[in-house]
Each structure stands twice: as structure tokens, then as C-alpha cells.
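Asker: Now for the letters of each chain:
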Amino acid sequence: MTLFWILACVTIPAALTVILHRNPVYSALALVFTLFQVAIMFVALDAHLIAFLQIIIYAGAIVVLILFAIMLLSLEPEEPGDGRSSLRAAGWGAAALLGLELVAIAAVFPDTPAAEKPLPEGYGSVAKIAERLFTTHLLPFELTSVLLLVAVVGAVVMARRRTGP
Amino acid sequence: MLNPYVALLMSFALCALVATIMVCASWILGPKHPTKTKLEIFETGNPPLGSLRGMRFPVKFYLTAILFIVFDIEVVFMYPWAVIFRQLGWAGLAEMAVFVAVLTVGLAYVWRVGALEWE
Amino acid sequence: MEVLISLAKVIFAFVIVLQLTLVLLWVERKGSALIQDRVGANRANLFGGLLPFNLGIVNTWMADPLKLFHKEDIVPADADRFLHWLAPWIAIFPLFVTFTVIPFGDVLIAGGYTINLQGADLNLGILYVLAMLSMAVYGVIVGGWASNSRYAFLGGVRGSAQMVSYEIAMGLSLVSVVLTFGTLDFQEIARAQGDLLFGVFPAWGFFYQPLALLIFFIAGMAESKRAPFDLPEAESELVAGFYTEYSGSKQSVFMMADFVEVAIVAGLVTTLFFGGWQVPWLYRDGFHFPGGFHVFVPSLLVTVLQVLSFLVKLFLFCWLQILIRWSLPRLRYDQLMDLGWKRLLPLSLANVAITAVFVLLFDGKTVW
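Here the protein sequences line up with chains A, B and C, keeping their order. Per my numbering, the first sequence runs over residues 1 to 165. Per my numbering, the second sequence runs over residues 166 to 284. Per my numbering, the third sequence runs over residues 285 to 652.
You may find that some hints are simply not true.
Here are the simulated lysine to aspartate or glutamate pairs, EDC-like style, with alpha carbons at most 20 Å apart [as the list claims (entries may be wrong)]: (1) A:Lys128 / A:Asp46; (2) B:Lys201 / C:Asp362; (3) A:Lys128 / A:Glu142; (4) A:Lys128 / B:Glu260; (5) B:Lys197 / C:Glu472.
Please keep in mind that the hints were generated in silico from the structure rather than gathered at the bench. Computed from a prediction, not measured in an experiment: that's the story for all the values here.
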């Protein structure tokens, strides 16, 4: 629990840096840091596999893409007051929705007794997760490949359109 | 048995400390005589062409990053599969074969349209 | 007490890396001199040159770091000061902590304790290594971007694209290793390699996974950004690539990161394909040679021999990488990307498929 509060004290400022910093490269790096902290939280929750996947996929791959995109579009540090107001409104709307959701979850599950209960044997272990993934949740797993295929094809099509024939 | 992640945390602290010392060593120990020429960017003796901000780079690199994410996710799915593969047996092989086959179609497409060609 | 033991192990693993990088720097200088028929570093010496021989090792062990740490720290006027500082830190930190999970011995039985000789015995070791190696790419991107220089930027972009491309092949080659051994734990993999094939040969990983070894070694060398894969820092094209605008200790940290990566690749190759700390036919109670011949060795000496065996193997694979570096010319960028995406990726996928079939047909362990 102590670990959680320490992590929270580091993670929240980092997360705020992501959205508030004017330089997009700083934001991306703060995002890496935030994701790393979240991975440590996963470790603290005994979800070791998820922690490493979090680092490999999110911190190690997706933010690389974000950084590439930032450099590709050569985004300048923002001036205060920049940005479209419609986007900004959408952002606030999404944030409000997320906040409502959190409140709703807190209302439905008033206390979180998860920490008191002993974890089932092998909880969060690779073998257990793999078992569930490749038996019960096989269909979503296979559909992931289709999703990834769409991503590849979409990226190629868009890249070709931009560069032209 | 001590939780191995505690050992990992110690390692993180130790390495972070040493890395910080090493990176800062010159700043602490070295001389500081900045001159205008010294602080200029090195462009093999030519006068620098000015700031880089605003320069773009080819879309190719972006495509590489997307491909990287897709195949990275594929690889990551393969690890839990590999761990319990003996338990899953032929069915496991078939499951992964379908998954990989779909992604191989993606690779073949990318290959075919020439997105893997660099000059 | 347990905390102290853990700390001692972590420090030991870290000292191996630090010392190894310094030794490698020297080996590289003298080794390249040997290959190119030169003398190499031979100036600084201890005891005022009274020694009859001079290997120049003092140069790289003491004079070099001291000199570099006392150089002026130059940050270009247009550069982003904080990111310029952060880049070398990100480049080296994940590599430093990677070595913590590589086992350097079996167990040390002393004073009522059975100590597992591994910095941190994670049961997801392979995933941890991949996670940390995937972080190292940021040092390159940020270093190139923060300098605000064309050469550095080009080097950074090239370097990051190269690193991510080869990460796939690297990950896939390790999947087939995991298939063979059925675990992600380095120590378990090292222990599994203590068995014998036909009752004679030590069952080291390269017997089962020769192709994976080849792919992993090539991809690992590409990750370490050294010749023939040194395009991000190609000195004849990009001055020094992403660290063109670095000086003093920051520059040496970037250099060091390359050497740490060499050490990590050597450590992983040793652990996954060459038995890690295993000495052929040596077990806890001594040598069991094929043919029923048995020589008793005290437990403590067994541990010492195993740690030495690990270090010797580690060093051999570092040397192999240096040898390759000084023997092969640099690839072109299109050749580099071709090799990564069109050769190694399909090849490693095929290797996974073949391994999977073999595991099902022969349980993988009895391939031969």
C-alpha cells in the first residue's frame, strides 16, 4: 500500500506532464515514464506478465510510433491558446465521461476487498493466463490478428497516398 | 525467499545512481569555457544551415514503426503460447498457425507493394 | 541478512558489466591493432615504465575514463539542454539493469544458505530482457533530436528504425528457445542444459536451436549498433551519428552503452545457447565423465568453476563480436532493412514453426 502511494505521487505528475507540457517530445517521454510506473504498479499487484507486456508494447513500441509521428509532422512546441476549440471541448467531454465512469464504479463496488483475499494459486502467472487465452478466449485472440492486419494495410495505403505515385 | 523484485529494485537504484554520476561527471569535473564557435553545431566545417526544427523525414520510417508494433504484438503473444505449448499440443499449433497466417498475409502485402524497399 | 545477500548479488552482477566494458574497450583497441597489424594503445604505464612489457591496459582502465570525465561538457546553443542530458542516461540505464537477471552461477551453499547466483531471479527473465532492450531505443531517438543537428538527427532516425526492425527477429528467435525449454526463467534454462545428449555431449542450447542462435546473434549485433551494423553512427557518412554533438562523459556513456550491449548479447548467447554457467560433466558433487568415471570436487570449488566458466564463455562471445566488427564492412541501409525484414523475420518464423512441430513429435528434447 505504501508502495502504491509513492508510485501514485510520481505517476500523477508524470501523467500531467504528458498533457500539459508544450513540447510534444517531452510529452511523449513523460508518457514512457508514466507507463513504466504503471508497469511497476502491475508488478506490485502480482500481475507480472501484464507488467512486462505493458513495457514491451506500450512503452517500447507504441510511444516509438508516437515519437516518429511527432518528428514526421515536425510538430512545434505549442503556443498557449493554440489548438482547435472543438477538439478541446471533445477532450473535456471525454475526461468528464471517464470521471463519471470512475465515480459509477466506485459507487457500485463501495469497498475493494481484493487485497485482503488471498490470491488463487498461480494467479497472474504466464501459464494461467496462457491457458485462458488459448482456450476460453481463443476467438478474441484470433480476431486480434485480423485487427493487426487491418492496421498494416491501412498504414501502407495511407503512406502511399501521401507520398503519391 | 526474498521477493526477486526487491532485488530488481535495488539494481534499479544502483544503476540509476551510477548512470547519473557518469552522465554528470564532465559537467562537474570538466572546465567550462563556452565560446560561440564551440557551441555551434558541427557540420563538418561548413557554416551550420540553421535549426532543424521544421525538418521532416520520410514516411518510410513511420511505416517501419507501424510494422514494428504489429509484429511486436505477434511476438509477445507467442511467449505465453510457447510456455504452455506442450500442454496445448497440436491444437495449440493450429491456433497459432491461424494467427500467424493472417499476419503473414500482412507481411506479404507489405512486401508486395514495395513498402519494404529502401531506395 | 537476505537483503544483504541480494544486494551483494546485484552489486556483483553490476561489477561484472562495468569491468567487462572497460576490459572490452582495451580488448577492442589491442585486438583491432592485432587485426590491422598495428601496435595499438601502449603509452600510459604503471611504475614509470619500469615494467618490461606494456599492454596499454592502464590506458583504458584508468587514464581513459579519467580523461573523458575531465573534458568540457559542451551542449550546442540550439540544443534542448534537459533532453541532451537525458539521452545518454536513457541509453545506458536499461542496459545496465538488464544484466541483473542473467545467472552467473548455479547455487552457492555456504553458512546454511543456498544462494541462487543471479542478480534477481525473475521467473519471466526473457520478457524482462526484451522489455529493457526495447527501452534503449529512446536514447538514440532523443539523443539525435535533442542535439538539433542534421547529422545527429539522421543518425537517430536511422538508428531507431534499425533497432526496432531487429528487435522483431530477436524476439522471434527467443520464442523458439522458449518452445524448446518451456520456460522464461534464465536459471531454469541454464539448469536444463546440464543434461547429456547420447550420454556424452552436454545438451547445450545450440544443439537444439542452431538457427535461433544465428538469428539472435545477428540481431543482437544489429541492436548494439556496431559494425557491420553501425549505420546510426557511421563516421564516414554522419560524423558520429546521434552522438555527434556530445562530448566528455556523456559521449563516453554512449560509447559504453554499445559495449554493455555487446556484453548483454554475449551473456544471453552464453545462457541460452551455451549452457550458461555449466561446465561439461560437472555436477554438484564433482565431474561425472561419460563412461562412469567420477572425480569428486568440493561444492564450493564447483561453484567457483561454474562462475569462471560463465565468465570465460561471456568473454569469448564478446571477443567474437569484436572480431566480426573489425572484419566485415558496413552494410548499406537498404541491405540492412532487407536483412532484418525479408531474411531474418521469415527465417525466424519458419524456425518457430519447425521447432513447434519437433516439440510435438519428439518432445523437443530428443530431437537427436
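Asker: Would the pair B:Lys197 and C:Glu472 pass a check requiring their Cα atoms to be no farther apart than 20 Å?
Answerer: violated (52 Å)
Asker: Straight-line Cα separation of A:Lys128 and A:Glu142 no greater than 20 Å?
Answerer: holds (19 Å)
Asker: Given the hint that B:Lys201 pairs with C:Asp362, does the C-alpha gap stay at or below 20 Å?
Answerer: The hint holds at about 11 Å.
Asker: Sort out whether A:Asp46 lies within 20 Å of A:Lys128, counting only the CA atoms.
Answerer: Within the cut-off at roughly 13 Å; holds.
Asker: Would the hint linking A:Lys128 and B:Glu260 be met if the CA-CA limit is 20 Å?
Answerer: Roughly 17 Å separates the two Cα atoms, so the pair holds.
Hint compliance for this structure: hint 5 alone is broken.
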